[in-house]
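Model the full assembly from the supplied sequences, consistent with the hints where possible.
Number of protein chains: 2
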Amino acid sequence: MRIGAIEAGGTKMVCGIGTPEGKIVDRISFPTEHPDITMPKVIAYFKDTKVEAIGIGTFGPINLKAGDRRYGSITTTPKPGWAHYPFLDQLRSQYDIPFGWDTDVNAAAYGESVWGAAKGLQSCMYYTIGTGIGVGIYSGGELVHGLVHPEGGHIPVRRHLADPYPGRCPYHQDCLEGMAAGPAVEDRWGQKAGDLPMDHPAWAIEAYYIAQAVTIAILMNSPEKVILGGGVMQQRQLLPLIQDEVKRSLNGYLQAEEITKRMEAYIVTPGLGQEAGLYGALALGLKAWEESRRNASI
Amino acid sequence: MRIGAIEAGGTKMVCGIGTPEGKIVDRISFPTEHPDITMPKVIAYFKDTKVEAIGIGTFGPINLKAGDRRYGSITTTPKPGWAHYPFLDQLRSQYDIPFGWDTDVNAAAYGESVWGAAKGLQSCMYYTIGTGIGVGIYSGGELVHGLVHPEGGHIPVRRHLADPYPGRCPYHQDCLEGMAAGPAVEDRWGQKAGDLPMDHPAWAIEAYYIAQAVTIAILMNSPEKVILGGGVMQQRQLLPLIQDEVKRSLNGYLQAEEITKRMEAYIVTPGLGQEAGLYGALALGLKAWEESRRNASI
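Chains A and B are the protein sequences, given in the same order. Residue numbering for the first sequence follows this note's numbering, beginning at -6 and increasing consecutively. Residue numbering for the second sequence follows this note's numbering, beginning at -6 and increasing consecutively.
For the record, the hints were derived by calculation from the structure and aren't laboratory data. These numbers were taken from a predicted model, which means no experiment stands behind them. Hints should not be assumed to be uniformly reliable.
Same chains, same names: a pair is fine if it fits in one copy or spans any two.
Using 25 Å as the maximum straight-line C-alpha spacing, the simulated DSS-like pairs for lysine-lysine come out as follows [what the hints assert, rightly or not]:
id: 1; residue 1: LYS240; residue 2: LYS58
id: 2; residue 1: LYS58; residue 2: LYS254
id: 3; residue 1: LYS40; residue 2: LYS280
id: 4; residue 1: LYS58; residue 2: LYS112
id: 5; residue 1: LYS185; residue 2: LYS58
id: 6; residue 1: LYS280; residue 2: LYS43
id: 7; residue 1: LYS240; residue 2: LYS185
Given below as C-alpha cells:
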C-alpha cells in the first residue's frame, strides 16, 4: 500500500510517495510557480502510482473549516494565482481517494508526533524558522485549527535592547517574523544568515527572539515537546542558545523536570530532519486513509 | 439528579450544587485558609446532598497527569498548607463518586463552551484578570493540558511606552501578570483599580497589555471566541478599548469576519457572568459523571 504526500511551500513544491510505516520511497520537487504551471505537475506525478490517499501540508493561510464551501483552498496570499485557489478540489477532481489537508507546519507537527521527536506524546509544537516563521500545534492528540489556524509567527515580541533593526513584516513591522525570519537576519546584517560566522552577534539576537516565542508557546500551550525546524535552525549554534534563554526567561516558574532538568531533550530540532514537512504530509494522508476505512466499516 | 461543583480560588472557596441542565440550585462560599480548616468545610457541605459527581476547578498549578501518583494535587504554591496537597484524594476518601478535576480557568473555559458565550463552539480561550492572570484553553472540543497546563498569565509583554511601572511578578518582574493584574494597577496608581475614574489613563495602559495578550492568544491558538473575566474586567470601559486595540494590532492580517467585522461578538465577557468558574466546575462534574456512565456501559 502506498500513500502520497505533498509539501506545498511558498517557493518549492515537494511530492512524495511513502508507506504506512513512514518510509518515503520516492520524491520529486519543483519550484512553486503559478498554479496553472505547478498543479499539472503535481497531478501528473501521482498518475499511475496507485496511491490510496494523499496528504497535503501547505503554505497558507488556508481554509480548514469542515463543511465550508471553500474548505481545501488557499485563502489570502500575495503569491500570484494562489489566492482563493481550490487546491484540494483540483486534486479531488483527478483522484477519487481520501485526502488529508492542513498547514505545512501543522503537518510537520503531526509527522513529528507519529514518527519523529514527539513520537508517543499527545502534544507538541513545531516552529519553522526560515523565509517566514510558522507554528503548528498538536494538542491532546489533535491538530489545532479553531477560527483559522495557528499563525504564531506574527506575535508581537519584545525588542532585544541591542537591536535597532526596524523589522520587515508588511503587516506588523516588528513582529516575530518581521524581526527573526531569515530575510530579517540578512537585511539586518547585510549578508545571508548562512554566511555569518558562528560567533557573530547576530546569533545571540536571533536566539533571543526565537526563545521569546518558545517561552510564550510553552506558557500558553504547555506542549510536551517543542520542535524547531526551518532553514535558520540549520545554524547548529542556535539551539543551545535558545534552550539557555528559555530556561532563563521562565526562571523556574514551571516546575516540570522536562524544563528544569532535561531542557536539551525538550526543545529540539526535528526528528525527521529537513523532511519533517513531507513526512507530515504522508502522516496526514495515512490518517485520512484510516479515517475513510473506519467510516466505511461503520 | 444533582452534581456538585467546587471553585477553589486562592482567597475564596465556592461550593455549589447544580443540575445537569446547568442550573445552580445552592451555593456557599468561605475564605480559603489552611486546608486543615477549609477542606473539612468543603467535605461537610456535600454531606447528605446525594450529588452523583463533583467537578473541581482550582487555583494552581496543579497535577493533571492522568495515571501519575500525584494526579489531583496542587503542586507548588506559596499558600500555606496547599503545596503538594492531595486535593482530589481528600475528597475521594469521603465520596465514592466520579470527580472532574482541572484548573479554575480551564473549568471556566469549559463551562462557557457548554452553557456560556462559547456554547456550540469547539474552541475558546478564557482569561481571568484579577488578583492574578490566568488562561484556560478549550481546543477541538477538549481542554488543553499538555506538559503541565496553560500558564499564559506569565508571558513576556512589550511595555506601553508611557508606562514606567517596573512590574511586580516575583518570577518575571514585568510579565503580563506583573504589569496588568489588579495588584499591579493598584500599585502603579496608588489606589484600587475600582476607585480609578473611567477616563483615567490607567485604562488605556491596562487595555494595551490585555489586548497584547489577546492578540498573542488569537495568533497562537486561533480560538473561535475569546472570553475575558475576572475582577478587573468589571470595569466596563475596558472591553471596547481592548477590542479596538486587538483589531489595530492584528492589522488585517487574519481574514476572518469574526475579527474584521464582528469583533464585539468575538472578544466578550463571560456569558455565565461572575459565576463562570462555578458553572465550569459543574460542567466538569457533569462530564465526569457522563464518562463514568459510558465506561460502565462498555
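query: Going through the earlier hints one by one, which of them does the structure break, listed in rising order?
result: Going through the list in order, the structure violates hints 5 and 7 and respects the others.
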